[in-house]
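Asker: Take a look at the letters that make up each chain.
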Amino acid sequence: MQGYLVTGDTVIPLALEKGPRLPDGRPVRLEEGVLHLGSLRHPVLHAIDGDTLWVHLDGRIHALAWHDPVDFHEAAASSSGDNIVAAPMPGLVVRLIAADGTAVEKDDALLVIESMKLETTLRAPAAGTLSLHVAAGQGFERGAPLATIAPKD
Amino acid sequence: MRFGFDSVLVANRGEIAARILRTVKAAGLRALLVAHEVDGETPAMLLADDVRMLSGETPVAAFLDGAQILEAAASMGAGAVHPGYGFLSENAAFARAVEAAGIVWIGPAPETIDLMGDKVSARRFVADRGFPVAPSAIEDDDPANFAANARLVGTPLLIKPSAGGGGKGMRIVRDLTLLEEEIATARSEGERYFGDGRLFVERYIENPRHIEVQVLGDGQGNAIHLFERECSLQRRFQKIVEEAPSPALSEAERNDICEAAAGIARACAYRGAGTVEFIYGTGSFYFLEMNTRLQVEHPVTEAITGVDLVAQQLAIASGSPLPAGQDGIVRAGHAIEARIYAEDPASGFAPTTGPVLRLVPPAGARFDAGLLEGGRVHASFDPMIAKLIVHAADREAALAAMDDALSRLTLLGLTTNIGYLRRLLADADVAAGRMHTGLIAEKPEIAAAPPLGDETRDALTALAALVVPDVARRLDAVPALHAMMGRWQN
Amino acid sequence: MRRIESRVSTASAEFRANSAHHRALAGELAARQRAAREDRPARDRDRLARQGKLGIRERLAALLDPGTPFLELSTLAAGRSYGGDVPGAGQLCGIGIVGGREVMIRADDPAVKGGAWYPHSVKKIVRALDIAIENRLPVLHMCDSAGGFLPLQAEFFPDRYHAGRIFRNQSILSKLGVPQVAIVMGHCTAGGAYIPALSDYSVIVRGTGAVFLGGPPLVKAATGEVVTVDELGGADMHTSVSGVADYPAASEAHGIALAREIMASLSPREKVRIDETAPEPPAYDPEELYGILPRDNRTQFDMREVIARIVDGSRFHEYQPAFGTTLICGFARIWGYKVGILANNGVLFSESALKGTHFIQLCDKDRTPLLFLQNITGFMVGKEYERGGITKDGAKMIMAVSGASVPKFTVNANASYGAGTYGMAGRAFDSRFLFSWPHAQVGVMGAEQAANVLTEVKMRQLAREDRTLDDAEAAAIRDPILAEYADKASAWHATSELWDDGILDPVATRNALGIAISAALNAPIADPAHYGVFRM
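Chains as they are written, first to last, in this note's numbering: chain A, 1 to 153; chain B, 154 to 643; chain C, 644 to 1179.
No lab work stands behind these hints, which were simulated from the structure alone. Some hints could be false.
[What the hints assert, rightly or not] Okay, the calculated beta carbon distance ranges per label pair:
#1 B:Gly230 <-> A:Arg95: 52 to 58 Å
#2 A:Thr148 <-> B:Gly209: 37 to 43 Å
#3 A:Thr10 <-> C:Arg1010: 48 to 54 Å
#4 A:Asp9 <-> C:Glu919: 47 to 53 Å
[To be verified] Part of the chain A face toward chain B, derived, beta carbon under 8 Å:
#5 Gly8
#6 Ile12
#7 Pro20
Using N, Cα and C, we set each Cβ at its ideal position, and we do this for glycine too.
If we strip away everything but chain A, and leave its shape as in the complex, we get:
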């Protein structure tokens, strides 16, 4: 399958067939601003911004985020539990970037660690509320939990 379209709380799985065809078999095509679904015609305007598809269809505007299937399932599963940021190797905390207790987004920089003369920035594996378990200057072993991201409610 080709991913998921997410708009608001609605998730639309994309299980189209080559053609392209809808799962019910109807062939589809887009010609000069008109979307043809089998014999039905829908005037449509659209624009794409990265992974977001904006559509004006039948008098209603939709913003659809396309999600890769792997990303979608990974996010679905990780949103149901805490994400622990563990130390990839033994080392030292150089400095903290994000503040304890704040909301972070996926990939936000959290802290910088140093090991074997290399500095690495550790990033949030998912969005949520950050709990830091270390302070600047603190040493740690491999696998030590440096921070936890609790999922947003």
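Following the hints, position chains B and C against chain A.
Answerer: For chains B and C alone, kept in the frame of chain A given last:
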């Protein structure tokens, strides 16, 4: 038409700057503009004959920097300054500075701005001349007993900052045991927003309707009204939909309210375009405040009267008489304006930003916008990005025309309240004209978009297959033979 | 190629009787397959649901590209063993499209005895991997097995083509550069642990997936160490500490999405190009096959009529139409691919054997895959024929079948007996795929013939003692033989024993062959063979 100046600098931005410049150019005058780089290219810039860029600690600060704006006016040789609405439009000091520089101020006399800008003094002025005001307690009159006097006004009451306006800093009190606490909070908010913690308290009308009247005065003591507008559809004191005329008023009531407004304008020898706001509740109305500037929702008045209010501002500022006597102002039909906000109704109306990927206004409606396709909506300014106005023979036809126009308005790239507006106007109470300023707060469910029907889901799925490269690529990967055979299993 | 002119009368009583008979058989096949695929004890379904596991059919549906076909192999394996309690031998195997790639999917069914490996399960897995090797098909394993069924270990462990062959085949696949992706969705214990370990890419589902040579009970018994399933072999340990698995998955859906992504990102391999045009459906309705096939396997029918309902446009270019007429040879297209067809219209004579041998060599030189439509009781017997050298002519045909480089496909369309089976590319002769029709028979000879032979032997024996066979004694000899053959020569038995790769509804044969031919072209075709010595 002879004007007292050959050029007008619009000290504003967004949709109103473009709207004003359109009339300036139509009048054969040179169109001048100040702008901030964060706005990029805008409709106003496309209309302007000359532009100066403003800078400031924030983009808002830039438009509040009177000295910088005057400098720009001087460098462009501006003959007049039109302040639009918001920003410095009701700043008497700025108005004085403009006049002192020998530039015509498109607006009322600075003294009028002072008078009406102070809510307490405005209220006193109006009450003294016999116009209706709500029972109240004014702190300045008796600071020591303010709380006690406030208590006497009775509940429900509204605490308002004297220096405030535009709905900010107001607090409704229904339970007198909370009165002192609410006074304290209102005071600190007044200090924070307006630099002035003085308050006054007014009786609050439950389920009030917000009725305002457009007036024009020639500065010589003559004034006419151009009928009323109803702006009861508000969220947190921000207007969302306005219409003219109000479906609530009988002809007699209309006459009373509009004549009161004109009378107030005459009483202060008002010069230019202004709006008198009233609070209305079944059969009675009270003066709320007077706005000494052009208002956002002026287009609905222009639609039903056929009068270009900006053109009138330019004319009056040049010393011309009023366009007609009161009998010469005739209304026809019904007009509705919907404010398009860059906000997400599904996330508590949080402001949104984003690129304007597609912008296609609906033909047959008036669309005043501050953005261009290819531009970007950013967080620096107010989230109102455009206004959609329709005019039809009656209210029912206007509602239908507005729904149709909203359905045909294409704005892609950021979330707006367009869908919300359609649902709001389809609400039974709104459709029946049973509106009041608390209606939107009572109907939070309108914010939720209805679920997608099956055909819509199919259409969106189909479109994704055709235009989202990641989807199309995955489909293309299927070998031809297997695609032909389809979903077969032995 | 010219269209075959059908001479069958679809209105005749014979046709209608055949049709009813074979439609019913097709219905029986569908019912048995449905039951084998879907009927599972409630207790096992509930256990899966409690564990948060998807059923095998749901896993398959999530894995396959939407709108694509799936050719399932050996659905009814082990159908007549283990009291019928191990449907499909607890394995799902088949060819489908995953991420745009043709792959062999091979999955343990945890709802069948916990996915345990019975002797037939091992045979089915080995066969699936043999097909993958021969056709260079990437393999996608879905591992979820309780391990070998120990009470029967002597039947699936020690021998050359027993369980060890699974891991040998995996190693050979890897050596050939054919990728394998494993999704560990349950336990992979002992031998089973090697499946993900020998796969190029492995995904392991957190919480349910585990890989270990010995599970916690065995570890405790062996060394006294107490350890949990997760600590011993769970997703996080193997993907971050031991390196036995590559990708941790948060859920089965995540794991399947990852496997699809892995498959899609493998470099595509160039397939072999053979003569191919745009496909065209047969000009005759394939459902007419039901009316053409006989109700009794001994009744003759014209294979041309069968060919006409399988090939594109019903077009067929017949080779040597006037010679060796008991073997039809010729070219046709199936789903656009040109194939050389050998089909029986009677017993094999010297002429037909020679014609077949020659035709196989033509196809080999022409790089045209071979399709064998079997309806063969054997070679002709008798003095004239032996003197004519029929044995050596049959040997030549067997030599050609064995040595051909092009892919071979076999369908038992009615009967497959004796040496005729050999010449017509039976199971031992390395067809890429071999299918049976529901009514088909396979055996050393037909039931009647075997009964006659044994009766004849008994009569001679009695004659030496000056006795004759009375009716009761004759029946005592005939009846058990007929019953034995009815039992073991049937397609249901053959497919249960994995002597074929599945029973096909005759109408489904065209699509199955299209998928099979396409799959076969993933492997290179060697240069036309140097055959062994043809006894001239």
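Asker: If you test the structure against every hint from before, which numbers come out violated?
Answerer: When the structure is compared with the hints, none of them turns out to be violated.
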